[in-house]
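A.B. asks: Numbered by mature numbering (1 follows the signal peptide of the UniProt record, and there is no 0), the letters in the sequence shown go through residues -17 to -1, 1 to 268 in order.
Worth flagging that the hints you see were computed from the coordinates, not collected in a lab.
Derived lysine-lysine pairs resembling DSSO-like cross-links, with alpha carbons at most 27 Å apart:
| no. | residue 1 | residue 2 |
| --- | --- | --- |
| 1 | K207 | K166 |
| 2 | K207 | K229 |
| 3 | K195 | K234 |
| 4 | K88 | K234 |
| 5 | K172 | K234 |
| 6 | K141 | K125 |
| 7 | K172 | K88 |
| 8 | K172 | K229 |
| 9 | K234 | K91 |
| 10 | K207 | K53 |
| 11 | K53 | K234 |
| 12 | K195 | K229 |
| 13 | K195 | K37 |
| 14 | K149 | K91 |
| 15 | K3 | K37 |
| 16 | K195 | K207 |
| 17 | K16 | K234 |
| 18 | K16 | K3 |
| 19 | K172 | K125 |
| 20 | K141 | K16 |
| 21 | K149 | K88 |
| 22 | K53 | K37 |
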Amino acid sequence: MNPSLFLAALCLGIASAAPKLDPSLDAQWYQWKATHRRLYGVNEEGWRRAVWEKNMRMIELHNQEYSQGKHGFTMAMNAFGDMGPCGSCWAFSATGALEGQMFRKTGKLVSLSEQNLVDCSRAEGNQGCNGGLMDNAFQYVKDNGGLDSEESYPYLAKEGNNCNYKPEYSAANDTGYVDIPQKEKALMKAVATVGPISVAIDAGHESFQFYKSGIYYDPDCSSKDLDHGVLVVGYGFEGRDSNNNKFWIVKNSWGPEWGWNGYVKMAKDQNNHCGIATAASYPTV
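With these hints in hand, go ahead and build the complete structure from the sequences.
C.D. replies: As structure tokens, this is what we get:
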């Protein structure tokens, strides 16, 4: 994995602004706030509403174009769930890959602690809620001699005051990691033979933030400017097995209300779309 790559910005989501408020959207705004349990102060309400309205208009236009056959995926006003204000996507990607390898080795699927990685892996180069790399996380587990379970070291969506790793609650270990060659064929082979693979992607687009269903493809998505850690868990195709119908099954860390129950189908074999094969790796156990 490229050591200069640092995943932080899109762990936190995206914000934009719009100048006016549309009274005809009042009912939808109040319903959205109630559904997602949003409470804003007086000073915050206005600009939050403006952002929401801008995104609503963008989503409606995109879905109209989808119905005309101009796009292969739909968008929706979804809410980010599990990560809150902490840029820890790299930790979720790393634990997902390690959980998969431990399951292959032991036959037991144990949820591992992202908080352990957030609080404790600075010596390996990570920066807690300000970002990190999956390879650094794998290196921490090796250096530390283990990683606690999620049950014993639960996620807080913020940095803890100290590293609270307790070896008696360790639920996984690794011996290092493997960086996969930067080709989609190599990634496909690894997913098929190794299991879930940590990858970094360019998620810096509103089309990704509000993805709902279908095969995600954005012509502006970069294969080099990567800012978000996710987990590739499979691949497939819709209809005929043509290039435009192939996809990667990718687990995100924005909660089950985002996308396809927390997952996204990302275009496969489209010139390394969004950089999905640029920085792929997995831990060895």
